[in-house]
Amino acid sequence: EAGVAQSPRYKIIEKRQSVAFWCNPISGHATLYWYQQILGQGPKLLIQFQNNGVVDDSQLPKDRFSAERLKGVDSTLKIQPAKLEDSAVYLCATSRDRALQETQYFGPGTRLLVL
Amino acid sequence: GDSVTQMEGPVTLSEEAFLTINCTYTATGYPSLFWYVQYPGEGLQLLLKATKADDKGSNKGFEATYRKETTSFHLEKGSVQVSDSAVYFCALTNTGNQFYFGTGTSLTVIP
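For the record, the sequence lines run as chains Z and H.
Each residue of the first sequence is one higher than the one before, starting from 18 at the first, in the working numbering.
Each residue of the second sequence is one higher than the one before, starting from 33 at the first, in the working numbering.
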């Protein structure tokens, strides 16, 4: 079974520029999560989708971050404009469903550096 | 709210030493508990999990027991190897399958 795919793996941009990350989930996984992992910290949930609907985006900085999951499969996360403090690894994870105890499977992440 | 607290690192051990990484949690209800491992340059991988009190998760020689009375889920391994060098994250999930992660513990095993 193919894992969660993410691209790009690395991105360097200047502050105030825009950037987008892409995630392709494991086939059949209904639930998709985007996390931000700042160096030295654990992942922090940004947004959770169930199919193509948003379940939880309470920790998403909506003034600059946006995400979508059209057709309930692939997802994109966008930052516009980027700030220095957005430098982090952005992880995509998917699970079969939102049901309790479902394991989340993580992609390799996109490492973003904002200069 | 729900949260996870894990032992700070970094931890450095010699090969074949005994490993313990402490993890305690705060949660309402009956969460599921997980240990994830992150090898250098890679994404998080599930190491083991336990879904109810007194359950023991185990994988690759690692074990952790869900202790509701002490709200703990400590990770142990009897004999570590150089290949176990990684960052280990304790996590919990509750209603809605939202995950809460600890800050991670870096482990380095030296030959």
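Be aware that one or more of the hints could be misleading.
Here are the simulated DSSO-like cross-link-like pairs (lysine-lysine), alpha carbons at most 27 Å apart as the crow flies [as the list claims (entries may be wrong)]: (1) H/K84 / Z/K79; (2) Z/K95 / Z/K28; (3) Z/K100 / H/K81; (4) Z/K61 / H/K84; (5) Z/K79 / Z/K100; (6) Z/K61 / Z/K79; (7) Z/K95 / Z/K79; (8) H/K109 / H/K88; (9) Z/K61 / Z/K28.
Hints in this document: simulated from the structure, not taken from any laboratory.
So, going through the hints one by one against the coordinates:
Restraint check for H/K84 and Z/K79: not satisfied, since their Cα atoms lie roughly 36 Å apart, outside the 27 Å limit. With a C-alpha separation of about 13 Å, the suggested pair Z/K95 and Z/K28 falls inside the 27 Å cut-off, and the hint holds. Distance check on the hinted pair: Z/K100 and H/K81 sit about 36 Å apart at the alpha-carbon level, beyond 27 Å; violated. For the hint linking Z/K61 to H/K84, the alpha-carbon distance of about 24 Å falls within 27 Å, and the restraint holds.
At roughly 13 Å between alpha-carbon atoms, Z/K79 and Z/K100 fall within 27 Å of each other, so this suggested pair holds. Distance restraint check for Z/K61 and Z/K79: the Cα-Cα separation of roughly 15 Å lies within the 27 Å cut-off, and the hinted pair is therefore satisfied. Taking the CA atoms of Z/K95 and Z/K79, the gap is about 10 Å. The hint holds against a cut of 27 Å. Under the criterion of a C-alpha separation no larger than 27 Å, the hint pairing H/K109 with H/K88 is consistent with the structure, at around 13 Å.
Taking the CA atoms of Z/K61 and Z/K28, the gap is about 20 Å. The hint holds against a cut of 27 Å.
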